[in-house]
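Enquirer: Note that the sequence shown covers residues 945 to 1168 in our numbering.
Do not rely on the hints blindly, as some may be mistaken.
Said to hold, decoys possible - Simulated crosslink set (SDA-like; lysine to any residue; CA at most 25 angstroms straight-line): (1) Lys1131 - Gly1005; (2) Lys1131 - Asn1050; (3) Lys1149 - Leu1136; (4) Lys1154 - Ile1168; (5) Lys1131 - Arg981; (6) Lys1131 - Ala1003; (7) Lys1154 - Ser1116; (8) Lys1149 - Ala1161; (9) Lys1149 - Ile1063.
Because the hints were derived from the structure by calculation, they are not lab data. Bear in mind that the values here come from a model prediction, so they are computed numbers and not experimental data.
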Amino acid sequence: MSVEEGFVFEGHCHSYVSDGVGSPELLVRVAVSRGVRVLSITDHDTFRGSILAWRVSRALGLGLSVVYGAEVLTDWGDVLIYCLEPLREPLPVEFGELRDLAGSNNCVLIAPHPFHPFIPSVRLRLVDGARFFDAVEVWNGKSIPVFNIPAIVYARRLGKPAVSGSDAHVPSAVGETPTIVYSSTEKPEDVLEAIRRGLTRPVIKIASMKSIVEDIAWSVYRRI
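Taking the hints into account, I'd like the entire structure generated from these sequences.
Expert: Put into structure tokens, the structure is as follows:
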């Protein structure tokens, strides 16, 4: 794939390190099989999933670039963070502390599913706090599509870079709604810089019936 075509970046998925089904190794293999070139496993409040994914990709020589990431539950709601090196845990739950930590470590902050009404989201804090985020997840593959519309509107209104992510909790959803990143290389530092500069294109797509059914089944199983 040429730089002009962009690299496929799956930047929002979960393994069994937090509340997903598959192992980091399985998610890496699924991602590669679907043409994903850059992956970040963003388990809740920990970089461990992405650390394991990096080790697997390197050990197997799969040619997949792995970005260290996590989805952190803060007092503002969920926040995605991508870094060149994993941060020390536990990660701050106070958004201001996380913001400062991200800044001092050259990390990228994303507002995921910002207007989802049923899960922790930044919602209208995004308006006054837009300067603290490098990009907005305008399309979350796990969300009911109508919940993504306000994110699209506000990202444009605020002039923020737009990304998309599968928010996969089951392997079948990995890579369904990735972000196309127009970076100079697939290296994490170039991918993160491209996000900051808005060299991205979100993939707007309805999740497959298979992943929807499996995700519902997993959600029910977890609550039994």
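Enquirer: All the hints need checking, so say for each whether the structure fits it.
Expert: Hints and how they fare:
Between the alpha carbons of Lys1131 and Gly1005 the distance comes to roughly 15 angstroms, so the proposed pair stays at or under 25 angstroms and holds. Of the supplied pair hints, the one linking Lys1131 and Asn1050 holds, its CA atoms being roughly 15 angstroms apart against a limit of 25 angstroms. The suggested pairing of Lys1149 with Leu1136 holds, with an alpha-carbon distance near 23 angstroms, which does not exceed 25 angstroms. For the proposed pair Lys1154 and Ile1168, the alpha carbon gap of about 21 angstroms is at most 25 angstroms, so the pair holds.
A distance of roughly 10 angstroms separates the Cα atoms of Lys1131 and Arg981; the hinted pair therefore holds under the 25 angstroms criterion. For a cut-off of 25 angstroms, the pair hint linking Lys1131 to Ala1003 stands: about 17 angstroms separates their Cα positions. A hinted pair counts as satisfied when its Cα atoms are at most 25 angstroms apart, and Lys1154 with Ser1116 qualifies at roughly 7 angstroms. For the given pair, Lys1149 sits about 21 angstroms from Ala1161 by alpha-carbon distance, which is consistent with the 25 angstroms threshold.
Proposed proximity of Lys1149 and Ile1063 is supported: the alpha carbons are some 21 angstroms apart, at most 25 angstroms.
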